[in-house]
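Construct all of the structure, not just a fragment, from the sequences and the given hints.
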Amino acid sequence: MAEASLAARSGARAEAPRALAAALRRRQALAAWSLTGPALLLMALLLIGPVAAVALLSLTDYQLGARSLAFVGLDNYADLAGDRVFWTSLTNTLLYVALVVPGAVGLGLGVALLIEAGGSLKSLYRAVFFVPVMATLIAMAISWEFMLQPSFGLVNLCLRALGLPGHNWLQEPDLALPVLAVIGIWQLFGFNMVLFLAGLVSIPRQLYEAAAMDGARSAWSRFRLVTLPMLGPVLLFVLVISAIRSFQVFDTVQVLTKGGPAKATEVLLYSMYAEGFEFFRSGYASAITVVFLVFVLILTLVKARILERRVHYG
Amino acid sequence: MAGIELEGIRKSFGPTAVLKGVSLAIADGEFLSLVGPSGCGKSTLLRIIAGLEVQDAGRIRIGSRAVEGIAASARNLAMVFQSYALYPHLTVAENIAVPLRMRRLSGLQRLPLVGGLLPGSRRERAAIDAAVRSAAEILDIGHLLQRKPAQLSGGQRQRVAVGRALVREPEAFLLDEPLSNLDAKLRVHMRSEIAGLHRRLATTFVYVTHDQAEAMTMSDRIAVMLDGELLQVATPHEVYHRPADRRVAEFIGSPKINLLPAAIGGDGAVTLLGLPTGRVALEGQGQAALAGLRPEALHETRGRGLAGRVVHLENLGSEIFLHVAVEGLEAPLVVRREPEPDGSHAAPRLADGPVTLDFDARRLVLFDRQGRALPLRAAPRQDARPRAEAAHG
Amino acid sequence: MSAGRPLSRRGAVLRHLALAPIALFALAPFLWMLLTSIKPPEEIFLDTIRLWPQHFYGLENYAAAFTKAPLGRFLLNGAVVTASIFLLQAAVALPAAYALAKLRFRGRETVFALVLLCLLIPPQAVAVPLFLLFFQLGILNSYAALIVPFTISVFGIFLMRQFFRTVPDDLVDAARIDGISEFGIVWRVMLPTALPALTAFGIFSVVAHWNDYFWPLIAVNAEHLYTPPLGVVAFRNEEAGTSYGPLMAAAAIIILPLVLLFLFAQRRFIEGITFTGMK
Numbered sequence: 001m002a003e004a005s006l007a008a009r010s011g012a013r014a015e016a017p018r019a020l021a022a023a024l025r026r027r028q029a030l031a032a033w034s035l036t037g038p039a040l041l042l043m044a045l046l047l048i049g050p051v052a053a054v055a056l057l058s059l060t061d062y063q064l065g066a067r068s069l070a071f072v073g074l075d076n077y078a079d080l081a082g083d084r085v086f087w088t089s090l091t092n093t094l095l096y097v098a099l100v101v102p103g104a105v106g107l108g109l110g111v112a113l114l115i116e117a118g119g120s121l122k123s124l125y126r127a128v129f130f131v132p133v134m135a136t137l138i139a140m141a142i143s144w145e146f147m148l149q150p151s152f153g154l155v156n157l158c159l160r161a162l163g164l165p166g167h168n169w170l171q172e173p174d175l176a177l178p179v180l181a182v183i184g185i186w187q188l189f190g191f192n193m194v195l196f197l198a199g200l201v202s203i204p205r206q207l208y209e210a211a212a213m214d215g216a217r218s219a220w221s222r223f224r225l226v227t228l229p230m231l232g233p234v235l236l237f238v239l240v241i242s243a244i245r246s247f248q249v250f251d252t253v254q255v256l257t258k259g260g261p262a263k264a265t266e267v268l269l270y271s272m273y274a275e276g277f278e279f280f281r282s283g284y285a286s287a288i289t290v291v292f293l294v295f296v297l298i299l300t301l302v303k304a305r306i307l308e309r310r311v312h313y314g
Numbered sequence: 001m002a003g004i005e006l007e008g009i010r011k012s013f014g015p016t017a018v019l020k021g022v023s024l025a026i027a028d029g030e031f032l033s034l035v036g037p038s039g040c041g042k043s044t045l046l047r048i049i050a051g052l053e054v055q056d057a058g059r060i061r062i063g064s065r066a067v068e069g070i071a072a073s074a075r076n077l078a079m080v081f082q083s084y085a086l087y088p089h090l091t092v093a094e095n096i097a098v099p100l101r102m103r104r105l106s107g108l109q110r111l112p113l114v115g116g117l118l119p120g121s122r123r124e125r126a127a128i129d130a131a132v133r134s135a136a137e138i139l140d141i142g143h144l145l146q147r148k149p150a151q152l153s154g155g156q157r158q159r160v161a162v163g164r165a166l167v168r169e170p171e172a173f174l175l176d177e178p179l180s181n182l183d184a185k186l187r188v189h190m191r192s193e194i195a196g197l198h199r200r201l202a203t204t205f206v207y208v209t210h211d212q213a214e215a216m217t218m219s220d221r222i223a224v225m226l227d228g229e230l231l232q233v234a235t236p237h238e239v240y241h242r243p244a245d246r247r248v249a250e251f252i253g254s255p256k257i258n259l260l261p262a263a264i265g266g267d268g269a270v271t272l273l274g275l276p277t278g279r280v281a282l283e284g285q286g287q288a289a290l291a292g293l294r295p296e297a298l299h300e301t302r303g304r305g306l307a308g309r310v311v312h313l314e315n316l317g318s319e320i321f322l323h324v325a326v327e328g329l330e331a332p333l334v335v336r337r338e339p340e341p342d343g344s345h346a347a348p349r350l351a352d353g354p355v356t357l358d359f360d361a362r363r364l365v366l367f368d369r370q371g372r373a374l375p376l377r378a379a380p381r382q383d384a385r386p387r388a389e390a391a392h393g
Numbered sequence: 001m002s003a004g005r006p007l008s009r010r011g012a013v014l015r016h017l018a019l020a021p022i023a024l025f026a027l028a029p030f031l032w033m034l035l036t037s038i039k040p041p042e043e044i045f046l047d048t049i050r051l052w053p054q055h056f057y058g059l060e061n062y063a064a065a066f067t068k069a070p071l072g073r074f075l076l077n078g079a080v081v082t083a084s085i086f087l088l089q090a091a092v093a094l095p096a097a098y099a100l101a102k103l104r105f106r107g108r109e110t111v112f113a114l115v116l117l118c119l120l121i122p123p124q125a126v127a128v129p130l131f132l133l134f135f136q137l138g139i140l141n142s143y144a145a146l147i148v149p150f151t152i153s154v155f156g157i158f159l160m161r162q163f164f165r166t167v168p169d170d171l172v173d174a175a176r177i178d179g180i181s182e183f184g185i186v187w188r189v190m191l192p193t194a195l196p197a198l199t200a201f202g203i204f205s206v207v208a209h210w211n212d213y214f215w216p217l218i219a220v221n222a223e224h225l226y227t228p229p230l231g232v233v234a235f236r237n238e239e240a241g242t243s244y245g246p247l248m249a250a251a252a253i254i255i256l257p258l259v260l261l262f263l264f265a266q267r268r269f270i271e272g273i274t275f276t277g278m279k
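Chains as they are written, first to last, in this note's numbering: chain F, 1 to 314; chain U, 1 to 393; chain H, 1 to 279.
Watch out, some of these pointers could steer you wrong.
Calculated pairs, EDC-like style, for lysine to aspartate or glutamate (alpha carbon to alpha carbon, straight line, at most 20 Å) [to be verified]:
hint, chain 1, residue 1, chain 2, residue 2
1, F, Lys-258, H, Glu-271
2, F, Lys-258, F, Asp-174
3, F, Lys-258, H, Glu-238
4, U, Lys-185, U, Asp-140
5, F, Lys-122, H, Glu-271
A short, non-exhaustive set of chain U residues, derived as facing chain H with CB atoms under 10 Å [claimed, not checked]:
hint, residue
6, Arg-47
7, Ile-70
8, Ala-71
9, Ser-73
10, Ala-78
11, Pro-88
12, Leu-90
13, Arg-164
14, Arg-168
15, Leu-201
To be clear, the hints were calculated from the coordinates, so they are not data collected in a lab.
Please read all numbers here as calculations on a predicted model, not as lab measurements.
Note that CB positions come from ideal geometry on N, CA and C, so glycine has one too.
This is how it looks when you write it as structure tokens:
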């Protein structure tokens, strides 16, 4: 290639390659946006938009079917603050979380440790404990209701056989929420077990051998020295996601107690459902939703922080 | 088949300039290796040729065609990747056929079942099958056609990747470190296979590697790259014996070239640690310089020379490298030596033996302080060095 | 507790003694449901414990479950809804995940930040506005109402993006040189390599939406659109107190598909469902 002709060409079309390269880059950007476009549109339409709408609706008095709506500022929140049912609902939700989280985490950790401890029937136990996690909760709630039936339910029959008094489990105000919490634990602990099993498997075997060499003779001392600290991040993580999940309790309440007896099982999502979809007070229901969202967001952010830290450990 | 011309290629990723204006003309049918340490920009340059990256400035011509704005698939180049990049869910035959199916069959014709019924599709499919089979024949993987990549060894995968490049009868082959995932023995074997393939196809090959041995053994020419710039483009012989730059001299050759402080007299006479070399520098008179001597340019002598002590001995079987500490030098000099069949080379030298080194002045290379090679010629009067020959430029 | 060291025989016995009652607790509602579903009414209303029925009444109960309510219809609705949701989620999420994992374009970080933001939104939080929107559009009480809200799975995008990032760039480049378009790469190259991850996500998605009760409860009230959970509750509301046998049979039928799937693909199942927790 002669120098002269090269120079002539680059003089004539100095900008051409740049423009053509830019065209190629534009084509790539176009591909990227058409690949993400549908997802972005749906995210805006079905997630981000609605969340913004909830926040705005919570500032209005909108009711489904009403011709107009008025901006009422924070009136809905003021109403919430003065609403005894709302406070009962919030307290019950927190109480439910406080019952389910230790139960489901403790039981999950316990069975995970027991399963990992020995050889036989590992996968059978694991499968058995996992079935409640995936079985349709609504169908199982109906089975629980039948077992808890006061006159011919299995639970009372067993108690009577042991000479103990039976109860009307779902109709006694002191019992209804704890009973729902037991069902919650029953459904959740298998999920936690799987997370713990994954955590246990990732503890290096040599650590136990080192602990044994260092004189940790009993199972308990090895648990304190190795298992618990190594499981620490997983434990924290499981605590938080159990809290998130139990905070969203709804199915069992809606089917088994409808928030009763005497609001003893009224929980946040049920209040939101009743206000929004039975009384159609959309504005008020939105205010409850915002409260619910704030709690879940805080817990989720805590979860994200834990995950981040775990990543940093390597 | 086509040559490739690069002119002033620049590319930055964010604030870091990866290519700082690379110009290079690769002849039609040439085997050119782009060699350099990792991070020197050689892979980026290859990907720009392929059309997988877009340069910030500069132009590329393949054959006589400017390829700016032309998509990777339309440049009719074939690329063999370091990780082979085989489609894991397709069989060997299907993998090799992908570029042909994409080019020769329409979207409808590619559909399973329906596609087979469309007019013309059957003929094309037969042609593709034949092309796949002949490529497999060349690479000796005919018996593997129905396997999935996961069932193949590293060397077999490598052949499939080459096969996929082969069937499209490209204008040029681009190979990005294709051997670096193979074990040492297979690597040497594949080196000769790829060189053989190049001879047979007589197509342009652009071969990126950080392994100078690969570059030296296969290439017509080597382009040595460092920090986004081409330092030298020349035949393997030239790059080794007449490096244009100190960094080229240091990068090519194993063990590394020995660098010693040298002085250029006012008349151009080069002295090495006070010893006359019998060489005259044509530039840089009166300056300090660095002399480069490859291990094979040094040898032991009973006469006068550089006095030192053997501090280490590396026996590779076919050759021996003595590490000799010389007064006034920071690093020991590495000297290549033929082994004695009776092993007598080893005994005295390990015991801190004193040794005197002489060098072959014809093999001396000289660099100025900036690292640029300085031209040398033989001194007019030959006293100590009767065998000195004409200077090289 | 003592990894690496085999339990003594006493330890092994104690382990089973501890695990067996918990297993009974986990299985009791299932066992009692199945046992009740094969008992005649007079044995259900006994005031003593009788585990195994004296008269096998299973056929009658299961037949009744299908005749007293359109159980088949509910199952079909469940299948249509969960399958549509999953297919649409995959169709939307895979291209987006590919772009986020493998393409360089201005705005990519912003898009990904939006995905992470949406990951924080619990599904119940958008129920009120979506209900109002669907009401305005007049599409409440339709398959669309059951399916549309879940067509976007930011979790799916996130999960598949993480997986796609592990696919070597070389493979994508090879596909480009071979002449496959960006859309083609998603379906012809990425999808086949991502099948295990997609299967796990599919199981997660199917389980979540087969079991979902909250949104279907809000979105439909016509019986012919009931999903299995809605159907079994409607069944109970009509029949509870009288025909427990058929009710338990219906409940058993509704959990059966997932339980069977679980028994066939235990490992994938556990993997898929715990994805929610792990990532």
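Tested hints:
no. : hint                    : verdict
1   : Lys-258(F) / Glu-271(H) : 34 Å, violated
2   : Lys-258(F) / Asp-174(F) : 15 Å, holds
3   : Lys-258(F) / Glu-238(H) : 16 Å, holds
4   : Lys-185(U) / Asp-140(U) : 19 Å, holds
5   : Lys-122(F) / Glu-271(H) : 17 Å, holds
6   : Arg-47                  : 7 Å, holds
7   : Ile-70                  : 12 Å, violated
8   : Ala-71                  : 8 Å, holds
9   : Ser-73                  : 4 Å, holds
10  : Ala-78                  : 7 Å, holds
11  : Pro-88                  : 6 Å, holds
12  : Leu-90                  : 8 Å, holds
13  : Arg-164                 : 7 Å, holds
14  : Arg-168                 : 8 Å, holds
15  : Leu-201                 : 18 Å, violated
Hint compliance for this structure: hints 1, 7 and 15 are broken, all remaining hints hold.
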